[in-house]
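So the sequences go chain by chain: A and B.
The first sequence runs contiguously to residue 417 in the working numbering.
The second sequence runs contiguously to residue 417 in the working numbering.
Accuracy of the hints is not assured; some may be wrong.
Identical copies look the same in the list; a pair holds intra-copy or inter-copy alike.
To be verified - Okay, derived cross-link-like pairs now, SDA-like style, lysine to any residue, Cα gap no bigger than 25 Å in a straight line:
hint : residue 1 : residue 2
1    : LYS70     : SER38
2    : LYS60     : GLU141
3    : LYS70     : LEU23
4    : LYS60     : ARG414
5    : LYS181    : LEU116
6    : LYS393    : ARG329
Everything labelled a hint here was simulated from the structure, so no lab data went into it.
There are 2 protein chains.
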Amino acid sequence: MRYALVNCETYRHFGRLGLGAVFGSKLLKGIYISGDCDFPIPDRKAYNKVYTDIYKRMIETEAMQKYHDLGTPVNILALQELGALPTRNLQSGRFEMAHEISGEAFADHDLLRKVACAGCPIGCIHIGLLRQQFGPEHEYSWAGMSYDHEVLYSLGTLLGVGTRHGILRLINRVAQKGLDAIGTGVTLAWATEAAGRGLIDTRELGKSLAFGDVEGYENAIDAIVAGKSELARTLALGAAAAAERYGGSDFALTLGGNPVAGYHTGYANVLGQLVGARHSHVDNAGYSLDQKPRELSDEEIVDGLIAEEQERDALTSLAICLFARKVYDRPTVLAALNAIGIPWHEEDWVALGKRIYRDKVALKESLGFDYRTLQAPARFFETPSMHGKLEPERLRRLLALFNERLDAIRAAA
Amino acid sequence: MRYALVNCETYRHFGRLGLGAVFGSKLLKGIYISGDCDFPIPDRKAYNKVYTDIYKRMIETEAMQKYHDLGTPVNILALQELGALPTRNLQSGRFEMAHEISGEAFADHDLLRKVACAGCPIGCIHIGLLRQQFGPEHEYSWAGMSYDHEVLYSLGTLLGVGTRHGILRLINRVAQKGLDAIGTGVTLAWATEAAGRGLIDTRELGKSLAFGDVEGYENAIDAIVAGKSELARTLALGAAAAAERYGGSDFALTLGGNPVAGYHTGYANVLGQLVGARHSHVDNAGYSLDQKPRELSDEEIVDGLIAEEQERDALTSLAICLFARKVYDRPTVLAALNAIGIPWHEEDWVALGKRIYRDKVALKESLGFDYRTLQAPARFFETPSMHGKLEPERLRRLLALFNERLDAIRAAA
Numbered sequence: 005m006r007y008a009l010v011n012c013e014t015y016r017h018f019g020r021l022g023l024g025a026v027f028g029s030k031l032l033k034g035i036y037i038s039g040d041c042d043f044p045i046p047d048r049k050a051y052n053k054v055y056t057d058i059y060k061r062m063i064e065t066e067a068m069q070k071y072h073d074l075g076t077p078v079n080i081l082a083l084q085e086l087g088a089l090p091t092r093n094l095q096s097g098r099f100e101m102a103h104e105i106s107g108e109a110f111a112d113h114d115l116l117r118k119v120a121c122a123g124c125p126i127g128c129i130h131i132g133l134l135r136q137q138f139g140p141e142h143e144y145s146w147a148g149m150s151y152d153h154e155v156l157y158s159l160g161t162l163l164g165v166g167t168r169h170g171i172l173r174l175i176n177r178v179a180q181k182g183l184d185a186i187g188t189g190v191t192l193a194w195a196t197e198a199a200g201r202g203l204i205d206t207r208e209l210g211k212s213l214a215f216g217d218v219e220g221y222e223n224a225i226d227a228i229v230a231g232k233s234e235l236a237r238t239l240a241l242g243a244a245a246a247a248e249r250y251g252g253s254d255f256a257l258t259l260g261g262n263p264v265a266g267y268h269t270g271y272a273n274v275l276g277q278l279v280g281a282r283h284s285h286v287d288n289a290g291y292s293l294d295q296k297p298r299e300l301s302d303e304e305i306v307d308g309l310i311a312e313e314q315e316r317d318a319l320t321s322l323a324i325c326l327f328a329r330k331v332y333d334r335p336t337v338l339a340a341l342n343a344i345g346i347p348w349h350e351e352d353w354v355a356l357g358k359r360i361y362r363d364k365v366a367l368k369e370s371l372g373f374d375y376r377t378l379q380a381p382a383r384f385f386e387t388p389s390m391h392g393k394l395e396p397e398r399l400r401r402l403l404a405l406f407n408e409r410l411d412a413i414r415a416a417a
Numbered sequence: 005m006r007y008a009l010v011n012c013e014t015y016r017h018f019g020r021l022g023l024g025a026v027f028g029s030k031l032l033k034g035i036y037i038s039g040d041c042d043f044p045i046p047d048r049k050a051y052n053k054v055y056t057d058i059y060k061r062m063i064e065t066e067a068m069q070k071y072h073d074l075g076t077p078v079n080i081l082a083l084q085e086l087g088a089l090p091t092r093n094l095q096s097g098r099f100e101m102a103h104e105i106s107g108e109a110f111a112d113h114d115l116l117r118k119v120a121c122a123g124c125p126i127g128c129i130h131i132g133l134l135r136q137q138f139g140p141e142h143e144y145s146w147a148g149m150s151y152d153h154e155v156l157y158s159l160g161t162l163l164g165v166g167t168r169h170g171i172l173r174l175i176n177r178v179a180q181k182g183l184d185a186i187g188t189g190v191t192l193a194w195a196t197e198a199a200g201r202g203l204i205d206t207r208e209l210g211k212s213l214a215f216g217d218v219e220g221y222e223n224a225i226d227a228i229v230a231g232k233s234e235l236a237r238t239l240a241l242g243a244a245a246a247a248e249r250y251g252g253s254d255f256a257l258t259l260g261g262n263p264v265a266g267y268h269t270g271y272a273n274v275l276g277q278l279v280g281a282r283h284s285h286v287d288n289a290g291y292s293l294d295q296k297p298r299e300l301s302d303e304e305i306v307d308g309l310i311a312e313e314q315e316r317d318a319l320t321s322l323a324i325c326l327f328a329r330k331v332y333d334r335p336t337v338l339a340a341l342n343a344i345g346i347p348w349h350e351e352d353w354v355a356l357g358k359r360i361y362r363d364k365v366a367l368k369e370s371l372g373f374d375y376r377t378l379q380a381p382a383r384f385f386e387t388p389s390m391h392g393k394l395e396p397e398r399l400r401r402l403l404a405l406f407n408e409r410l411d412a413i414r415a416a417a
């Protein structure tokens with residue numbers, strides 16, 4: 005099972021890139037990190053000042069407000085409006101049931117409470133109620149499921165599931181099986197379309213697959229994890245591997261080998277996930293670049309993605325939460341570093357981001373990754389994005405420009 | 005606060021008779037009971053046999069099925085059908101919103117799970133979801149509230165509250181304040197009618213009272229507990245005491261000083277609660293006697309109540325759960341006692357029940373209770389029961405006969 009995940013603090017997941025599969029292959033159940041050392045603070049007054057500043061901006065400004073209010077599911081209706089909401093294996097950028105599964109609908113009907121990761125004052129984790137009858141004579145059980153944009157996309161719109169209860173059931177199922185929700189959704193969406201085209205025979209899974217059929221998807225998840233048929237074992241390798249075996253690569257929604265996130269915004273999104281170190285939309289936030297109010301040039305897209313990824317590489321090296329990135333602007337980060345006795349200036353910070361970025365590229369290449377052969381499946385060009393239909397030719401141009409920039413980065417090392 | 009309760013195992017309550025008030029008056033927070041002795045079992049084979057028999061009859065027969073399925077809230081629609089569901093301070097025996105707050109409706113919409121007291125295989129405690137918005141920006145909190153017939157009656161039908169959410173809110177409020185739900189409901193129902201008749205001025209509570217107005221009732225509960233006005237402090241003594249102060253005894257729904265349970269079935273119910281040792285409907289189950297398929301004579305009612313109470317006195321001395329009373333028939337109880345080395349016959353068992361009953365009567369009388377002056381408020385005769393309008397004259401006859409029987413019991417002592 006290549007898209008097994010690692011869970012952290014119940015509601016947080018290392019979902020992407022198969023970390024759970026790596027753990028499993030090493031018979032590693034978990035990692036417990038503990039410490040009891042103090043970090044000496046040279047200037048407590050400066051420390052308190054910057055701490056208070058960060059804390060206040062987190063809870064008193066709008067910087068993180070949306071993450072606590074509706075959370076990332078606020079994106080569902082926003083992306084629907086833009087026509088950028090991947091639906092039924094990205095056969096469409098709009099989902100006619102979006103209002104039923106929006107962040108607003110979940111909050112109004114299913115939200116039980118919001119919780120926070122340890123030490124965080126925000127509380128961005130939205131817990132929805134899954135209530136299920138499990139037997140006659142009114143036998144019910146319940147569970148609180150955390151939901152966010154990515155699961156509403158991957159187990160909702162992408163699978164044509166237009167009921168909140170259905171999505172919560174699928175969240176529960178992937179949680180029970182320890183799977184990455186995006187990897188699962190992308191694989192099932194591919195399988196649904198592949199079955200419709202006669203490329204695979206879903207009798208190997210025990211039940212048929214159809215967009216919107218929650219029970220079929222629950223069964224398929226169980227069957228894939230059980231691995232009792234060749235199809236099941238192949239689907240456990242993900243959509244790209246399954247497409248390699250059965251055909252249908254044109255609509256296997258992976259970029260750089262990784263199943264894609266829930267945005268069909270445009271070139272920056274596709275390119276960003278192709279070239280990002282983790283092939284994650286949060287590596288360089290291409291989906292955000294696509295939503296700038298004006299059209300960007302090739303240079304603006306490529307340089308924007310690289311600059312953003314370098315900045316995020318530096319930020320995540322501090323173990324910040326990316327939801328807090330608006331709070332951690334450069335002056336704040338430098339003030340924080342100085343307050344704990346690291347007398348950095350902006351150029352040190354910029355150099356750190358560049359170095360980490362370069363090291364990641366070098367690591368990927370040493371492991372065999374080739375930035376020059378990257379491609380995006382045809383589906384990304386068939387279904388209009390919020391920028392209309394994307395042209396394969398422009399993506400090729402963007403990739404060529406990106407590789408030029410990468411050459412320069414390597415040369416500067 | 006005379007109707008404060010004592011809570012046990014989260015979802016179980018010593019609700020009636022003000023045990024919480026007694027604890028409070030002695031500054032006693034709680035009692036923890038623990039033990040580590042074994043009880044020697046002389047004949048393990050016989051013990052296992054009777055244990056298995058009891059266990060199987062509990063979980064494999066219909067004896068306790070209704071308590072697990074819908075629980076006692078199954079009574080709501082049954083009593084509605086009979087016209088025996090006390091509504092709006094017993095101004096009616098039917099509630100037009102009964103279907104909205106029935107056991108069936110709670111199970112279909114709100115039931116989260118069923119839990120059991122320690123060691124019990126049944127699980128009769130029904131937990132419903134109370135989900136409340138507590139602030140803007142989609143701030144929600146939730147809690148699981150246990151609901152049963154008595155709270156659906158006392159905080160629902162009796163107060164004209166016809167929404168499940170409203171009832172769950174009131175259950176939550178009395179739970180937070182540590183109040184007996186029946187005592188609270190009966191007092192608020194009296195106050196609502198008394199305010200309508202101009203006997204009390206609800207401005208002393210801060211907000212007006214109206215049947216069905218949940219917010220007004222929440223406010224009143226807080227005000228009564230806070231005790232900042234004479235009316236609030238008087239209502240903290242219960243409906244009977246408040247009626248003594250302000251008038252309106254005719255519609256203060258107490259029997260023998262205790263607020264009544266949720267059945268308006270007929271004479272046996274009224275008489276049973278008047279003369280029961282704890283003035284509880286479960287002392288002698290008059291409501292059940294009233295539901296026999298044929299009309300009973302005075303003798304059948306009086307002797308039936310006394311016999312049932314004596315049997316229950318013996319049963320509860322074994323610390324059984326009264327929901328399991330159909331399992332604990334006499335042959336079973338005697339087999340169980342014999343299996344642990346108590347070689348009792350039926351006459352010993354009958355004598356035990358009679359002795360406990362007699363002792364309880366003697367205790368009550370030594371504390372000043374007078375069985376000869378008992379009366380029921382006029383309301384019980386004004387509103388038709390499932391047996392039609394009750395006649396004060398017949399209740400007087402029943403009380404006279406009961407006192408004859410009590411004389412005989414005392415004489416035999």
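Against the structure, the hints come out as follows:
For the identical chains of this complex, LYS70 and SER38 are neighbours neither inside a copy (32 Å) nor across copies (50 Å), given an alpha-carbon limit of 25 Å. In the homo-oligomer, the alpha carbons of LYS60 and GLU141 lie at most 25 Å apart only across protomers (18 Å), although the nearest pairing inside one protomer, at 52 Å, exceeds that limit. In this assembly of identical chains, the alpha carbons of LYS70 and LEU23 never lie at most 25 Å apart, being 29 Å within a copy and 49 Å across copies at closest. Taking identical chains as interchangeable, the C-alpha atoms of LYS60 and ARG414 are never at most 25 Å apart, the minima being 41 Å within one chain and 76 Å between chains.
Within a single copy, LYS181 and LEU116 get their C-alpha atoms as close as 23 Å, and across copies as close as 23 Å, so both meet the 25 Å cut-off. Taking the closest pair of Cα atoms, LYS393 and ARG329 never come within 25 Å of each other, the shortest separation being 31 Å inside a single copy and 73 Å across copies.
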